[in-house]
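**Q** So you can see what is in the structure, the chains are spelled out below.
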Amino acid sequence: MDAMLLHRIHFAFTVIYHYLFPQLTMGLALLIVVLKTIAIRHKDERYNQAARFWGKIFAINFLLGVVTGIPMEFQFGTNWSQFARTTGGVIGQPLAMEGVFSFFLESAFLGLFLFGEKRLSPWKHWGAAFLVFVGSWISGFFIIVTNAWMQHPVAYAVLPNGGYEVTSFWGLLSNPWALLEYAHNMSGAVVTAAFVMCSVGAFYVLENRFPEQGKIFLRVGVVAGVISCAAQIFPTGDLHGRYLAKHQPAAVAAMEGLFSSRQGAPIVLIGQPNEEQQSIDNPIVVNDVLSFLIYGTTKAEVKGLDEFPRDQWPAPLPLLFYSYHIMAGLGTYFVLIMVIAAFLLWRGKLFQTRWVLWPLLLSFPLPYIANTAGWMTAEIGRQPWMVYGLIRTSDGYSKYVTASTSLFTLLGFMGIYTVTSILFIVLVYRIIDKGPAIGERLDGSKSLPTLA
Amino acid sequence: MGFIWFWLVAIMLVAYVVLDGFDIGVGILHPFLAHNEQERQLMLRSIGPVWDGNEVWLLAGGGTLYFAFPPLYASAFSGFYLALMIVLWLLIGRGASIELRMQINIGVWKSFFDGLFFFSSAVLAIFYGAALANVIRGVPLHQDGYFFLPLWTNWRIGPQPGILDWYTVIGGLVALVALAEHGALYLAVKTEAALQQRSRTMAHRLWVLLLLLTIVSLPASIVVRADTLANYRAYPIAFLVPAAVVLALLGMLQFSRKGADGKAFACSCVYLTVMLVGAALGLYPRLLPSTTGSQYDITIDKSLSGPHTLHVGLIWWAFGMCLALLYFIIVYRTFRGKVSLEGGGYGH
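For the record, the sequence lines run as chains B and Z. Quick note on my numbering: the first sequence kicks off at 1 and runs consecutively. Quick note on my numbering: the second sequence kicks off at 1001 and runs consecutively.
Hints are supplied without guarantee of correctness; some may be wrong.
Claimed, not checked - Derived pair list, reagent style BS3-like, types lysine-lysine, alpha-carbon separation capped at 30 Å: (1) LYS43/B / LYS124/B; (2) LYS124/B / LYS1338/Z; (3) LYS399/B / LYS1302/Z.
In case anyone wonders, no lab produced these hints; they're calculated from the structure. As the structure is a prediction and not an experimental result, all values here were calculated from the model.
Could you put together the complete structure from these sequences and hints?
**A** Following this line, the structure appears as structure tokens:
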């Protein structure tokens, strides 16, 4: 098999699996701070219980995020050494800063949050939760800065030895691409956490187990969900899309399945891109919408794939097209269900409305799929470039690491991650089954999951 | 600049070995020192709140290496591919075993994770030692600055060595015993009564082994790489480092015998530090020597990042390290003193 393809799958598999955990912990860290804040402001112990319950779920996800995250930093060197060699001076910087500024913070205060509730005053314990939230969001920022530079390289110069170096540190950190991508990504993380919280809440309410806690989960989850789902489309998704159209027009054309340039470009709701015929099979289209979304006028011309040489088309093109459509389709569904749930919550009818509680119960996998599809859109859209316009993916992988070696370790990761997945499901099921016990403290009771 | 960053990266790796070293050591000793469930829980609790933070030094150090010396990072990480992947898998298993053990109160479940904790800690220690020995021995670098090593070839240190050969296995054993000793001395600090006494006895036994291995490893390094002592000859003051190794070794035993566990542990920290500094001194200014000719050596000059990168890096690095130090002080203060089964944590 092709070595480059295997290295791509190697990274794609490990990073997709890894990101299942941080997307929840980053969103959940914020929601735990919200729960702790309400507990203190309203002197309501039930919200502290809720925070403890979600602290346990957080701890397991955090652990898996940590152990699956370490391979990510290593893989730049192991599988993408030619890329690492030339770009280390630029992207090594945010990666090192992530460790120095975020991981130390997170690891220190997660221990205090999980173990220290008895030893700390309520506000100090709130502070520990808040610093875990800050740490995880800083971590996300540095990763996005790294990715944004690959998507849209700024503030760099080429050294005599062929390597790249940063010319402006602030330029690197304030890359407009990074800011847009960060906003879109973090609100996506809150979407995941909100849906997971709603799902457990709906389970408890439908099952009439811990209904008090279930209602708290639903209240916080639906409010966070409606805000983050809306923000996912506007402004973050909208602005990110326009910026993408300006700087990676080939990616947008491929995402939308627009093979030839045209004015009043249509949006394809459903269809299958046919690379041979350069057309969309079985399409359902709405005319003019794409031009409007990108340029604000229905008559504007949108560049199609025919404007770009074939060797600059993102590949695999159908996967890009489907990823983007899955993300956008799910995003639309999220807004719909969350708006309905928020309306019912406002009218005081949500907890009795089974036809809404059921979709909330079952929808929790969908944000994981949407976040994954969104990242696939970004990363496949960048192809065939590893660093857009500068380094091709075919020039980035480790040439002394053969295809079979890469395949072997890929299978190793698949095996290990299968086991961790089973453990994860068993343990999270046990936490949900046991429920948020009354009066229990994270550091005071007997059988508790804990992590520092 | 190259000089500064060489030593900054070295400091971070030393911090990693000294800090994560003791919790790896606890893992190596876990099946031998703990005789019942309570003691197993105590051992886990002694490292519970800190192991993850300790491991961050590996990530932070690796990231710093990446941006300060990209060609070295690229070459070494792809060349030691197989060993690194095994290290990653062990790190996953180790993290899982520490945190998942107490989740379910079933004997077989806990025993399984106890075993995994021991296995991953011990093999990690061996691989870390072997990794350092590989760097000292050198690797068959190609003209383009890359190489690829199989896990082993004929166990000899010829021009086509494997990741494991007789020399790197010695390195691995030194690390295994040194970290076990480090862990035993740490446990003596953190525990009481029978467990503490057993930890001390273990430390005394391991000490003899460590002394022997340390004595073997020094001439072995000179055999493997004749120019190891070049820097020492040029700057005789550097011989203070091996002298410090000897003093630290003696200190470990003396203090531990007197029951001054804190001081004995401090000596172990010094021992690990000066062993690594000694190796770094032997290497400088090379980062990864070549077995195929010194013209292919990866040196500081050949692999240093651009000047602006490094200047800016110095500023945030210093700032970030101050913050990290602050967090570590807070955590170690909060969880200071002897570990007990009171309060929450690792057990049922």
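**Q** What are the numbers of the hints that this structure violates, sorted from low to high?
**A** The structure conflicts with no hint, since it agrees with every one listed earlier.
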